[in-house]
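Note that the protein sequences, when read in sequence, are chains H and Y.
According to our numbering, the first sequence is numbered sequentially starting from 82.
According to our numbering, the second sequence is numbered sequentially starting from 82.
If you are wondering where the hints come from, they were derived from the structure by calculation, not from laboratory data.
Certain hints may be false.
Pairs involving identical chains hold if they fit within one copy or between any two copies, as the list cannot separate such chains.
[Said to hold, decoys possible] Lysine-lysine pairs mimicking BS3-like chemistry, simulated, CA-CA at most 30 Å apart:
id, residue 1, residue 2
1, Lys428, Lys239
2, Lys85, Lys164
3, Lys85, Lys429
4, Lys380, Lys129
5, Lys133, Lys373
6, Lys94, Lys373
7, Lys276, Lys445
8, Lys133, Lys372
9, Lys164, Lys372
10, Lys160, Lys241
11, Lys85, Lys428
12, Lys85, Lys239
13, Lys380, Lys138
14, Lys239, Lys445
15, Lys85, Lys276
16, Lys94, Lys276
17, Lys160, Lys85
18, Lys166, Lys373
19, Lys473, Lys276
20, Lys445, Lys423
21, Lys241, Lys133
Note that the structure is predicted; figures quoted are calculated from it, not measured.
2 protein chains.
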Amino acid sequence: MDYKFSNKLANLKPSAIREIFKNLTDPSVISFGGGNPSPESFPVAELKELAKGIFEKDSSVALQYSITEGYTPLREVLKARVKDKFSIGRDFDDTIIVSGGQQGIELACKTFCNEGDVVLCEEPSFIGALNSFRSNGARPVGVACDGEGIIPEMLEEKLKTVENVKLLYIIPTFQNPMGITTNLERRRRVYELCKQYGVMILEDNPYGELRFDGEDIPTIKSMDEEGVVIYCSSLSKILSAGMRIGYVVAPQAVTSKMVVAKQGEDVHTNIFFQMLCHKYMTECDIDEHIKKIRVIYRKKCTLMLDCLEKELPGDITFTRPKGGLFIWCTLPRGLDSAPFVKGLVEKKVAVVPGATFLSDENGKSSSFRLNYSTPSDDDIRRGVKILGEYAKEYLANN
Amino acid sequence: MDYKFSNKLANLKPSAIREIFKNLTDPSVISFGGGNPSPESFPVAELKELAKGIFEKDSSVALQYSITEGYTPLREVLKARVKDKFSIGRDFDDTIIVSGGQQGIELACKTFCNEGDVVLCEEPSFIGALNSFRSNGARPVGVACDGEGIIPEMLEEKLKTVENVKLLYIIPTFQNPMGITTNLERRRRVYELCKQYGVMILEDNPYGELRFDGEDIPTIKSMDEEGVVIYCSSLSKILSAGMRIGYVVAPQAVTSKMVVAKQGEDVHTNIFFQMLCHKYMTECDIDEHIKKIRVIYRKKCTLMLDCLEKELPGDITFTRPKGGLFIWCTLPRGLDSAPFVKGLVEKKVAVVPGATFLSDENGKSSSFRLNYSTPSDDDIRRGVKILGEYAKEYLANN
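All chains should be modelled from the sequences, with the hints used to inform the complete structure.
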């Protein structure tokens with residue numbers, strides 16, 4: 082059989098990160114490549130007890146088909162939480178449950194983009210989102226960023242010159258892969274520009290609660306009086322990534338379309354774990370729990386930054402995140418990071434090459450991404466030491 | 082904000098069934114409308130015990146991100162099972178886990194269809210599948226069926242005359258909504274025709290294990306020596322529908338594309354429940370469990386058929402399924418079932434109008450679907466009695 086795949090999937094490659102993750106079976110490799118939350122951040126004992134209660138009292142609901150929008154009590158508690166924490170949600174908004182933030186991103190694209198339409202995004206951006214746009218036949222176009230986030234002038238230029246732009250995809254807080262945060266003035270400007278040009282904002286905020294330094298900056302969704310913003314977040318970094326539970330806050334006219342698309346994708350999200358999340362959020366102290374995660378991540382991030390400071394040659398620069406999971410390192414002299422990263426894996430340290438995150442699949446990058454949430458403290462020390470030694474030698478010869 | 086939705090979603094309506102289900106909050110309504118497995122078919126006590134063990138021993142895997150293809154031990158056990166039970170799987174095939182059979186259907190469409198391409202399907206067919214094709218911009222085109230399943234001559238005519246056909250979607254065993262089963266000769270003919278015309282077969286088999294009468298008929302996938310068939314099934318009707326776990330057996334060249342598309346949709350399926358299913362399938366006797374479900378469904382189906390025989394006016398015909406969840410009733414004289422069903426809801430009995438399942442969203446149907454797996458025996462008796470009285474009166478006046 083000669084398979085004729087759809088145009089959108091014919092040439093799409095699997096995410097390099099997922100593939101790295103899949104092949105990382107060699108236990109002697111220290112991985113800074115993943116984006117996994119620390120296993121310590123999952124409240125196992127509480128979830129176990131609550132799960133037992135669901136099996137005992139609510140199994141006929143928890144194991145049966147449910148409604149696509151999600152478990153109503155969980156939607157209510159999430160709605161109240163984002164309103165309280167982030168001033169998110171107006172009367173025209175609705176909150177729905179999705180199978181991880183990833184599905185929220187994908188559904189937003191499906192809802193607004195025809196094949197060939199454009200999604201603007203930060204350059205570089207989250208590969209999972211870029212590939213979900215591509216697998217829907219939409220085309221990601223990057224907008225330049227600096228240490229303060231997306232550059233509004235560059236965004237306006239794209240809005241003016243690129244045709245068929247339907248969405249701006251943005252991770253304003255602790256961006257993946259760079260770890261940077263868009264400042265408040267720019268968030269306001271981004272909102273106004275998109276409103277002006279009639280382009281929906283898809284605000285992805287998976288790491289917003291993982292701030293361990295500095296003050297919260299208002300989300301773009303908190304400014305949304307006109308129904309321009311689709312806000313996407315998840316419980317993956319707080320309760321469990323493996324359960325695949327995320328949520329979307331967006332104008333009801335938009336969520337109702339997303340719900341129709343979701344029906345066709347998976348009918349609904351695992352209802353047992355929706356009920357489990359609801360129980361956890363109402364019967365346990367999630368804020369105390371998040372405080373603990375922040376302490377873990379501050380410690381791990383500080384440790385990695387200290388090690389980088391000490392071990393890396395001075396001409397490699399890196400970001401200093403105040404939350405989230407990632408540090409972004411850049412080689413000097415515009416050196417391509419792809420061969421650098423390939424050689425590093427042979428030294429048993431895995432990182433993700435920056436080109437992975439570009440809107441142009443054939444683009445080159447001088448940067449690479451480090452994750453500090455997953456490796457043990459000892460692996461951080463040993464891995465960065467290897468990285469530093471390797472980098473010194475590499476830069477001397479290239 | 083004036084929302085400009087994608088062409089594929091702009092006019093798509095939510096599934097009538099999901100909407101009926103959502104609004105069925107009036108406890109005095111007897112529902113034959115759903116497609117839910119009987120709650121008695123979920124092995125709650127065993128799942129509870131096994132879940133406890135996962136929290137205690139494997140939580141760091143069960144709550145963490147995992148790989149898109151699915152939990153390898155579950156893939157292996159499912160692969161062995163379908164090989165053993167249904168002679169499914171050749172060397173070129175791979176088995177992947179999806180978030181319910183629904184996702185397998187959707188991914189197959191995404192993998193093969195560009196916007197505007199055609200998916201042939203039985204007329205009538207499963208609304209969830211039709212809507213997932215529509216939400217990908219593909220167009221379902223119906224092929225006529227009779228009591229022995231899809232009519233090969235009609236299929237060939239469509240294959241000859243309709244342009245850009247990429248898939249045939251077919252539920253050969255205990256079809257939804259009709260409850261009919263495609264005979265062996267036709268299955269062979271369908272396979273040969275699709276091979277000849279270079280069209281992939283998407284064989285959906287959610288009910289195959291729920292046969293309570295007669296002999297198994299080989300799946301189309303069991304004939305697949307050339308890699309023409311994507312086989313889709315799930316554990317929804319056997320272990321739990323709410324957990325959203327299904328699987329796909331298809332040529333590896335195809336599953337690898339489906340995996341890329343799945344990455345963009347939900348990264349992976351809830352891993353805790355994948356592990357739970359694996360444990361159940363290796364530590365408990367799933368065949369014994371399925372035998373029990375068959376006994377329940379035989380009893381319920383027989384009861385509903387007996388009641389229909391007794392209560393319905395003789396000029397309403399209905400199918401006599403040998404498995405699955407549904408009975409298909411047809412009004413005489415080509416009467417439109419839509420106003421009939423509407424009036425019946427006012428008598429507090431809900432069924433699904435046949436037009437819901439047509440490839441033409443504006444089409445009319447004389448039929449309606451009854452589900453016997455969800456209602457209690459008493460509700461079956463009372464509901465069919467109301468249906469019979471209402472039908473007699475309706476037919477006398479229309």
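Hints, one by one, checked against the model:
Neither within a single protomer nor between protomers do Lys428 and Lys239 lie at most 30 Å apart by alpha-carbon distance, with minima of 41 Å and 59 Å respectively. In this assembly of identical chains, the alpha carbons of Lys85 and Lys164 lie at most 30 Å apart only when taken from different copies (27 Å versus 47 Å within one copy). Taking identical chains as interchangeable, the C-alpha atoms of Lys85 and Lys429 are never at most 30 Å apart, the minima being 39 Å within one chain and 49 Å between chains. Within a single copy, Lys380 and Lys129 get their C-alpha atoms as close as 27 Å, which meets the 30 Å cut-off; across copies the closest is 37 Å, which misses it.
Proximity of Lys133 and Lys373 under a CA criterion of 30 Å is satisfied in both settings, with 25 Å inside one chain copy and 25 Å between copies. Taking CA atoms no more than 30 Å apart as the test, Lys94 paired with Lys373 passes in neither setting, with 37 Å inside one copy and 44 Å between copies. For the identical chains of this complex, Lys276 and Lys445 are neighbours neither inside a copy (32 Å) nor across copies (43 Å), given an alpha-carbon limit of 30 Å. For the homomeric pair Lys133 and Lys372, the shortest alpha-carbon distances inside one copy (26 Å) and between copies (27 Å) are both at most 30 Å.
For the homomeric pair Lys164 and Lys372, the shortest alpha-carbon distance inside one copy (19 Å) is at most 30 Å, but the shortest distance between copies (50 Å) is not. Taking the shortest Cα distances, Lys160 and Lys241 never come within 30 Å of each other, neither inside one copy (35 Å) nor across copies (53 Å). Neither within a single protomer nor between protomers do Lys85 and Lys428 lie at most 30 Å apart by alpha-carbon distance, with minima of 40 Å and 51 Å respectively. Only between protomers do Lys85 and Lys239 lie at most 30 Å apart by alpha-carbon distance; the minimum there is 19 Å, versus 34 Å within a single protomer.
For the homomeric pair Lys380 and Lys138, the shortest alpha-carbon distance between copies (27 Å) is at most 30 Å, but the shortest distance inside one copy (40 Å) is not. Taking the closest pair of Cα atoms, Lys239 and Lys445 come within 30 Å of each other only inside a single copy of the chain (21 Å); across copies the shortest separation is 48 Å, beyond that limit. With identical chains, the CA atoms of Lys85 and Lys276 are at most 30 Å apart between copies only, with a shortest distance of 13 Å across copies and 40 Å within one. Proximity of Lys94 to Lys276 under the C-alpha cut-off of 30 Å is restricted to the inter-copy arrangement: shortest distance 27 Å between copies versus 33 Å within a copy.
In the homo-oligomer, the alpha carbons of Lys160 and Lys85 lie at most 30 Å apart only across protomers (26 Å), although the nearest pairing inside one protomer, at 44 Å, exceeds that limit. In this assembly of identical chains, the alpha carbons of Lys166 and Lys373 lie at most 30 Å apart only when taken from the same copy (18 Å versus 49 Å across copies). Proximity of Lys473 and Lys276 under a CA criterion of 30 Å is satisfied in neither setting, with 48 Å inside one chain copy and 58 Å between copies. Taking the shortest alpha-carbon separations for Lys445 and Lys423, only the intra-copy value of 14 Å comes in at or below 30 Å, while the best inter-copy value is 61 Å.
Neither within a single protomer nor between protomers do Lys241 and Lys133 lie at most 30 Å apart by alpha-carbon distance, with minima of 56 Å and 56 Å respectively.
Figure legend: structure checked against the earlier numbered hints; hints not met, in rising order: 1, 3, 6, 7, 10, 11, 19, 21.
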